[in-house]
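4 protein chains.
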Amino acid sequence: MRLKAQPINCTLKAAPGEDSSTDVMIGLLAEQFESRGVEVASTIRIAAHTIPPGVRSDEGDGDDWPAIRKQILDADILIFGTPIWMGQPSSVSKRLLERMDAFLGETDEAGRMPSYGKVAVCAIVGNEDGAHAVSSQIFQALNDVGWTIPAIAACYWVGEAMGSTDFKDFKTTPDKVARTAAMVADNATHLAGILKASPFPGHEG
Amino acid sequence: MRLKAQPINCTLKAAPGEDSSTDVMIGLLAEQFESRGVEVASTIRIAAHTIPPGVRSDEGDGDDWPAIRKQILDADILIFGTPIWMGQPSSVSKRLLERMDAFLGETDEAGRMPSYGKVAVCAIVGNEDGAHAVSSQIFQALNDVGWTIPAIAACYWVGEAMGSTDFKDFKTTPDKVARTAAMVADNATHLAGILKASPFPGHEG
Amino acid sequence: MRLKAQPINCTLKAAPGEDSSTDVMIGLLAEQFESRGVEVASTIRIAAHTIPPGVRSDEGDGDDWPAIRKQILDADILIFGTPIWMGQPSSVSKRLLERMDAFLGETDEAGRMPSYGKVAVCAIVGNEDGAHAVSSQIFQALNDVGWTIPAIAACYWVGEAMGSTDFKDFKTTPDKVARTAAMVADNATHLAGILKASPFPGHEG
Amino acid sequence: MRLKAQPINCTLKAAPGEDSSTDVMIGLLAEQFESRGVEVASTIRIAAHTIPPGVRSDEGDGDDWPAIRKQILDADILIFGTPIWMGQPSSVSKRLLERMDAFLGETDEAGRMPSYGKVAVCAIVGNEDGAHAVSSQIFQALNDVGWTIPAIAACYWVGEAMGSTDFKDFKTTPDKVARTAAMVADNATHLAGILKASPFPGHEG
Numbered sequence: 030m031r032l033k034a035q036p037i038n039c040t041l042k043a044a045p046g047e048d049s050s051t052d053v054m055i056g057l058l059a060e061q062f063e064s065r066g067v068e069v070a071s072t073i074r075i076a077a078h079t080i081p082p083g084v085r086s087d088e089g090d091g092d093d094w095p096a097i098r099k100q101i102l103d104a105d106i107l108i109f110g111t112p113i114w115m116g117q118p119s120s121v122s123k124r125l126l127e128r129m130d131a132f133l134g135e136t137d138e139a140g141r142m143p144s145y146g147k148v149a150v151c152a153i154v155g156n157e158d159g160a161h162a163v164s165s166q167i168f169q170a171l172n173d174v175g176w177t178i179p180a181i182a183a184c185y186w187v188g189e190a191m192g193s194t195d196f197k198d199f200k201t202t203p204d205k206v207a208r209t210a211a212m213v214a215d216n217a218t219h220l221a222g223i224l225k226a227s228p229f230p231g232h233e234g
Numbered sequence: 030m031r032l033k034a035q036p037i038n039c040t041l042k043a044a045p046g047e048d049s050s051t052d053v054m055i056g057l058l059a060e061q062f063e064s065r066g067v068e069v070a071s072t073i074r075i076a077a078h079t080i081p082p083g084v085r086s087d088e089g090d091g092d093d094w095p096a097i098r099k100q101i102l103d104a105d106i107l108i109f110g111t112p113i114w115m116g117q118p119s120s121v122s123k124r125l126l127e128r129m130d131a132f133l134g135e136t137d138e139a140g141r142m143p144s145y146g147k148v149a150v151c152a153i154v155g156n157e158d159g160a161h162a163v164s165s166q167i168f169q170a171l172n173d174v175g176w177t178i179p180a181i182a183a184c185y186w187v188g189e190a191m192g193s194t195d196f197k198d199f200k201t202t203p204d205k206v207a208r209t210a211a212m213v214a215d216n217a218t219h220l221a222g223i224l225k226a227s228p229f230p231g232h233e234g
Numbered sequence: 030m031r032l033k034a035q036p037i038n039c040t041l042k043a044a045p046g047e048d049s050s051t052d053v054m055i056g057l058l059a060e061q062f063e064s065r066g067v068e069v070a071s072t073i074r075i076a077a078h079t080i081p082p083g084v085r086s087d088e089g090d091g092d093d094w095p096a097i098r099k100q101i102l103d104a105d106i107l108i109f110g111t112p113i114w115m116g117q118p119s120s121v122s123k124r125l126l127e128r129m130d131a132f133l134g135e136t137d138e139a140g141r142m143p144s145y146g147k148v149a150v151c152a153i154v155g156n157e158d159g160a161h162a163v164s165s166q167i168f169q170a171l172n173d174v175g176w177t178i179p180a181i182a183a184c185y186w187v188g189e190a191m192g193s194t195d196f197k198d199f200k201t202t203p204d205k206v207a208r209t210a211a212m213v214a215d216n217a218t219h220l221a222g223i224l225k226a227s228p229f230p231g232h233e234g
Numbered sequence: 030m031r032l033k034a035q036p037i038n039c040t041l042k043a044a045p046g047e048d049s050s051t052d053v054m055i056g057l058l059a060e061q062f063e064s065r066g067v068e069v070a071s072t073i074r075i076a077a078h079t080i081p082p083g084v085r086s087d088e089g090d091g092d093d094w095p096a097i098r099k100q101i102l103d104a105d106i107l108i109f110g111t112p113i114w115m116g117q118p119s120s121v122s123k124r125l126l127e128r129m130d131a132f133l134g135e136t137d138e139a140g141r142m143p144s145y146g147k148v149a150v151c152a153i154v155g156n157e158d159g160a161h162a163v164s165s166q167i168f169q170a171l172n173d174v175g176w177t178i179p180a181i182a183a184c185y186w187v188g189e190a191m192g193s194t195d196f197k198d199f200k201t202t203p204d205k206v207a208r209t210a211a212m213v214a215d216n217a218t219h220l221a222g223i224l225k226a227s228p229f230p231g232h233e234g
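Chains as they are written, first to last, in the numbering used here: chain R, 30 to 234; chain G, 30 to 234; chain W, 30 to 234; chain X, 30 to 234.
Check each hint, because a few of them may be wrong.
Heads up, the list lumps identical chains together, so a pair's fine if it works in one copy or across two of them.
As the list claims (entries may be wrong) - In silico DSBU-like pairs for lysine-lysine, Cα to Cα no more than 30 Å straight-line:
{"#": "1", "residue 1": "LYS225", "residue 2": "LYS33"}
{"#": "2", "residue 1": "LYS200", "residue 2": "LYS225"}
{"#": "3", "residue 1": "LYS33", "residue 2": "LYS205"}
{"#": "4", "residue 1": "LYS99", "residue 2": "LYS200"}
{"#": "5", "residue 1": "LYS197", "residue 2": "LYS225"}
{"#": "6", "residue 1": "LYS33", "residue 2": "LYS197"}
{"#": "7", "residue 1": "LYS225", "residue 2": "LYS42"}
{"#": "8", "residue 1": "LYS99", "residue 2": "LYS42"}
{"#": "9", "residue 1": "LYS42", "residue 2": "LYS197"}
{"#": "10", "residue 1": "LYS200", "residue 2": "LYS42"}
{"#": "11", "residue 1": "LYS42", "residue 2": "LYS205"}
{"#": "12", "residue 1": "LYS33", "residue 2": "LYS200"}
{"#": "13", "residue 1": "LYS99", "residue 2": "LYS33"}
Keep in mind that the hints were calculated from the coordinates and are not lab data. Please read these numbers as outputs of a predicted model, since none were measured by experiment.
Pulled out of the complex, with its shape left as it was, chain R reads as follows (with noise of 0.2 Å):
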């Protein structure tokens, strides 16, 4: 059964049509995954959306969330996307994972939330500074409601300590990415393989 990746982007910038150093990033993975037989679904680029703030699956009308919610649990692997802001995740990032929250009450009959059996993976750009501090929450936010974190989940690219260049204006990858784009792309895949097929069998009581 073939598996399916979706990426999200949660830069700040709203216009689709906005270059996103993100985006550069998870087209980068994209490849990668496709390149193993993933099929990759179209990057949601989030901040383009209204999502409310909240902790429940649905906060009513005009809320693009649970759409999105859709997509995302529809697919086998998240591809995470974020720029860094002042060393940290993105708010938007954040708005996504509070909404998640919610899994926590939507456990099946085994106590499996939603996410279970999921892997997820980081793709990270900023100038300068701060992917470990990103990966650090957001493997740890993910984590607590569901996520499984495959060997080797954080892609990412910044720059020298207070630079300006952007990733996106890069003309070829830089080598180390791009080996560590396949090796995350190699975990991922072999990871949500195996869950695929023998699925965690969930709790008792």
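Got chain R; can you put chains G, W and X on it based on the hints?
The following block gives chains G, W and X in isolation, referenced to the frame of chain R:
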């Protein structure tokens, strides 16, 4: 010259009338500041306003940030209130920090950001765990954009692991929280006072 | 093939006989793993050993890490136990993570670190606050050096804000902690099993 | 009254003669402080001393902390130097912070910890990424035990993602780092001066 404090509440609840535990914590600090002669402005509930994602001081039509930014900078002390979700600061608080990133480019002739000489303290509440993770991120981000952090700058309450008690449901304030609120107000008031009397001289070149 | 778990205790208390709340949490998890057929090795109290600072797998004479490293890598599941101090993981736990940095240079012919295919979970205790800050840092550091993190990988207890209760003084385990321990063991056992049966294939080039 | 700064270096390298990039960053700050009239004590290389794990100010025979603690508290400004490992502060720096936890119980008759009125700044270096994660943790832990953090309190350098350049190998200091060092020294010197002239009054009750 009388000092002024501006509290902000970064709860996810947009309706100004909706009960917020963060408001209760802010109220506790406000009372302490007032009893030390500090004027405390009305709390700004951020989620009740429209603050688009971005890193500029004005993101255009319908942006409420320019007015809120002015209120914050009119005060000497920022009371940064945020709930904890998933062990981390709220997306609303992150949105605000990102908008302050613009301070980096808004220096005066002596290289001082508009936040220079002002002090910031945190008011943090959650059902369980995360207060230190929240204060670490807020301190770092605020400090990067020019705020000074007085000794003992976080007043917080969280319940036992995986608890569900709300701070707003307490009939009386826990002793240790009351004592911390007094300490935070003591130090922030003193530091804001001496910094107002003797501002940072700024930087050469 | 029977799975094996190796617990480590990163308490600051060096004397093996000295009571440690972290040991109690590890014991809770060990019991759950054993009831699922996993062999659980004796807990290694790290502070009772000499582990010099460094980022190599052997820092020379008197270094106890090579033997501990072997014990950890002989198991399929790492139970990473640490207390919380100042809202953060202990210095002893950081020492251990730094020594695992060497894994990055110890890949096999398929580019796999010695930790590949192994899963890690956390056992975290503190008087108050910090569990999510701790798990976020441990997940990120372990993931960077090849460990896989199963859904719901942190079992923790902390008391109310500024509390002073020790987890070891509980007469009965809080229900929610007991339930979490079972969930952690369920997921980690399943994931370690399928990864052992179907290891990460590694990377080309 | 002349101000005094005490630098500490939390590198993993124990040999005092061994080259440390953190020393270079500390040296940069020391020069800036000296040119503003601050006396800068010799850097204490923590890993060259025996500092057992614990949270008391004296852990008994062979503990070098009591003497180092005295040197730190004899100064007005702490220059907290640490390398980055795995995107996080070093285990050596965490050891030190834990030992300062004892300050909480060492208040004077006005409820002031021994760190009250002193300011702390960071000197952080790494091959790549992690400076903001490090400063966030150090600011939070130091603030919890009574230190004040002046505006712009972190001077750091990190290379591009997954880089391997050492800061100590630069022939000339990058402009932005030099400018930051001057800003850190400007603000910390001013703040330490006014706090020395007008100490925190402490707390009632």
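Hint by hint, which ones does this structure get wrong, listed from lowest number up? 2, 4, 5 and 7
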